[in-house]
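Sequences are here, hints too, so could you generate the full structure?
Protein chains: 2
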Amino acid sequence: MRNYTQTLDHFNFGTNSYNTFLQRYAISFKYWGGANTSSPIFVTLGGEGEVVIDEFSTSFVISKAPHFKSLLVIIEHRYYGESNPFGSKEEAYKNSSTLQYLSSEQALADCAQLITDLKKNLSAENSPVIVVGGSYGGMLAAWLRLKYPHITIGALASSAPILYFDDIVPHNGYCSVATHDFRESSESCYRTIKNSWHEIKKTATQHDGLTALSQMFNTCRPLTSAEELTLVLEKIYIGSAQYNDPFYNPVDTLCEAIDKDPQEIDPLRRIAYGVNAGNDISKCLKVVSVEEMIENDRLSGWRWQACTEMVMPIECTGDEQMFETSPFNLTDYMLHCKTLFNVLPRPHWITTEYGGRNIKEVLKDFGSDIIFSNGLRDPYSSGG
Amino acid sequence: MRNYTQTLDHFNFGTNSYNTFLQRYAISFKYWGGANTSSPIFVTLGGEGEVVIDEFSTSFVISKAPHFKSLLVIIEHRYYGESNPFGSKEEAYKNSSTLQYLSSEQALADCAQLITDLKKNLSAENSPVIVVGGSYGGMLAAWLRLKYPHITIGALASSAPILYFDDIVPHNGYCSVATHDFRESSESCYRTIKNSWHEIKKTATQHDGLTALSQMFNTCRPLTSAEELTLVLEKIYIGSAQYNDPFYNPVDTLCEAIDKDPQEIDPLRRIAYGVNAGNDISKCLKVVSVEEMIENDRLSGWRWQACTEMVMPIECTGDEQMFETSPFNLTDYMLHCKTLFNVLPRPHWITTEYGGRNIKEVLKDFGSDIIFSNGLRDPYSSGG
Chain A
1 MRNYTQTLDH FNFGTNSYNT FLQRYAISFK YWGGANTSSP IFVTLGGEGE
51 VVIDEFSTSF VISKAPHFKS LLVIIEHRYY GESNPFGSKE EAYKNSSTLQ
101 YLSSEQALAD CAQLITDLKK NLSAENSPVI VVGGSYGGML AAWLRLKYPH
151 ITIGALASSA PILYFDDIVP HNGYCSVATH DFRESSESCY RTIKNSWHEI
201 KKTATQHDGL TALSQMFNTC RPLTSAEELT LVLEKIYIGS AQYNDPFYNP
251 VDTLCEAIDK DPQEIDPLRR IAYGVNAGND ISKCLKVVSV EEMIENDRLS
301 GWRWQACTEM VMPIECTGDE QMFETSPFNL TDYMLHCKTL FNVLPRPHWI
351 TTEYGGRNIK EVLKDFGSDI IFSNGLRDPY SSGG
Chain B
1 MRNYTQTLDH FNFGTNSYNT FLQRYAISFK YWGGANTSSP IFVTLGGEGE
51 VVIDEFSTSF VISKAPHFKS LLVIIEHRYY GESNPFGSKE EAYKNSSTLQ
101 YLSSEQALAD CAQLITDLKK NLSAENSPVI VVGGSYGGML AAWLRLKYPH
151 ITIGALASSA PILYFDDIVP HNGYCSVATH DFRESSESCY RTIKNSWHEI
201 KKTATQHDGL TALSQMFNTC RPLTSAEELT LVLEKIYIGS AQYNDPFYNP
251 VDTLCEAIDK DPQEIDPLRR IAYGVNAGND ISKCLKVVSV EEMIENDRLS
301 GWRWQACTEM VMPIECTGDE QMFETSPFNL TDYMLHCKTL FNVLPRPHWI
351 TTEYGGRNIK EVLKDFGSDI IFSNGLRDPY SSGG
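Heads up: the sequence lines are chains A and B, in that order. With full-length UniProt numbering applied, the first sequence has no gaps in its numbers, which climb one by one up to 384 at the end. With full-length UniProt numbering applied, the second sequence has no gaps in its numbers, which climb one by one up to 384 at the end.
Just so you know, these hints were derived from the structure itself, not from any lab. Do not rely on the hints blindly, as some may be mistaken.
Below 30 Å or equal to it, Euclidean Cα-Cα: the simulated DSBU-like pairs (lysine-lysine) are [as the list claims (entries may be wrong)]:
hint	chain 1	residue 1	chain 2	residue 2
1	A	283	A	235
2	A	69	B	360
3	B	283	A	360
4	A	120	B	360
5	A	364	B	201
6	A	364	B	194
7	A	338	B	64
8	B	338	A	364
9	B	364	A	364
From the structure, some residues in chain B lie toward chain A, with a derived Cβ separation under 8 Å [what the hints assert, rightly or not]:
hint	residue
10	106
11	112
12	355
From the three backbone atoms N, C-alpha and C, an ideal C-beta is built for every residue, glycine too.
Here it is as structure tokens:
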């Protein structure tokens, strides 16, 4: 991994704006045809997490590198991994005065500056640049192509829900697609989950109900509220639907386990078995209290972004969907952000800055060379 | 004129970013076909000066309003005129901590936000927007179309030198075109000016030379250096070439006066007569000392912009050009900015943020609908 001396604030010119920090990036010359050929540069844009050099081997586009003789670059996003503008993560995440420079616009400008300098240093000014990314990194790839057409000739944006803002797509799209994934896997599994929320609440209010639930679900510590269990279960279902890979429990595997014993009529027992199946007996179900969740959120860069500009109005509503009903309430959302970071979200900013409503006309107009790829089972595809 | 509550900092989310200020804009419904028609909205982007409502009557595009039944809007640029983010101009221009939000990126985001809100409030979401501007306002129009294609479908950028950055065009283009304007008007006028700089210096070093020059040029106060006279004369020539309108002295008028007396062989007397011709005897030639110039610069928003991102490397070099030779020296330029505002310019930033080098390919690629109009006698056309 290499370090690039990056500008802290690209858009203002105050004293702090001139601060710099070390941004990490990785580069591989293994397949490159060289600066004098027309070989392209594939730049992977990191999202809300650390960049690991292994990513050179996993991406679809990168697998095409030998064919295109391309130079490979991965850029770590500011404030994630080691690309920390204020020394330590602790310092950078201290409050809104240090976190303020964590925004998608600054991140795109980072990429523009790094790519421009890199090409100059390699005398590769004429090499075409293709940017690639997934999820939030995919949004950045699409936006970089739109906003910096002089820097990149094309983008591959995988699973990038650039339309899940404001009122462009239905707010319950995410939960509807996740529900559909489960229902397609098994109608019975879907029904079991759908009916479980009511059962959890009912059990929790009974005498020793929380103790019974803790034992049944093999939680790592006794539950202190029904909400704790609801939160951990929803997180499991969402992880299965969104990633559907062996690291999480794929939907089919999870549903098979939930459906395993046809004799079992208690939906809670079915689910308890399902979510713990495959785990060692020693591996308990990790429960997170509301306080712990708030503490985690405070140290989450993505939560900061969600609390400033990346306001994605995800709600679980509608008769058919399987999650506990939770409408998107902007006031609550804003209050939560105020509590967490002392900031207020700007819910209309992303659509003003990047558009979305008339995306088809804009893309047609601009012959934009952006490929949007979406796994249709990914709940975020509803905004992609 | 109306006021719009504008966000101070669109790209960061610190405490100050949430400050707002009143941005002035003017709107005319006189010709508008209404929200339900396909009548367009013509938005004029103000540049580095106050917006006066008279501008509704002077622009070429606006003269087309009756034909297109268009809504007319003029937006004043932040930090100019009354669109002051910190109460008074004095307060806003105090130092780099208050001036830091004066940047082209923030100004473009202002326009994006104002236009979006305005269309929403008028239920005119489907009305196409054409942005218009001249000089710096023209650059903003072109850049708004490039950066916010979802907000505007086309731009008319008049005399917008978007390529006069970095090393895209020759640094002496401005002075060469201005020279050409004078030479085309009169070869003798051109020679007189070209030879005058040496004469000014020579005379200034003679006994009572500055007094003689002061009397000859009818300066409002005695000159204290040859440089003072050089500065005021260059300013007059540049004003004539760049604007060539009755408010300034058009090049032809100025040259006719300089050439008036064919018997006069002293180039300084010819010029003195030329620049004072048409003035009342009471109207003297205003001289500005270097100290006064620095003081004026400190209160100039455009100087701040030139000292941060709008680094246009204008130099007067080459055997043919008529101005005093002055190469562009980035180090001197930076030192001057450090003295003025305690900031250092970012000379490569504009080309990174907005491109320029491959502008033709980008525009072709994006079917961009930007009309760049240039008066070929405008010295800035060398970067347009």
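How the hints compare with the structure:
1. 283(A) <-> 235(A): holds, 17 Å
2. 69(A) <-> 360(B): Cα-Cα ~27 Å, so holds.
3. 283(B) <-> 360(A): Measuring from Cα to Cα gives roughly 61 Å; hence the hint is violated.
4. 120(A) <-> 360(B): holds, 20 Å
5. 364(A) <-> 201(B): The hint is violated at about 61 Å.
6. 364(A) <-> 194(B): violated, 53 Å
7. 338(A) <-> 64(B): violated, 49 Å
8. 338(B) <-> 364(A): The hint is violated at about 46 Å.
9. 364(B) <-> 364(A): Judged against 30 Å, a Cα distance of about 13 Å means the pair holds.
10. 106: holds, 6 Å
11. 112: holds, 5 Å
12. 355: holds, 3 Å
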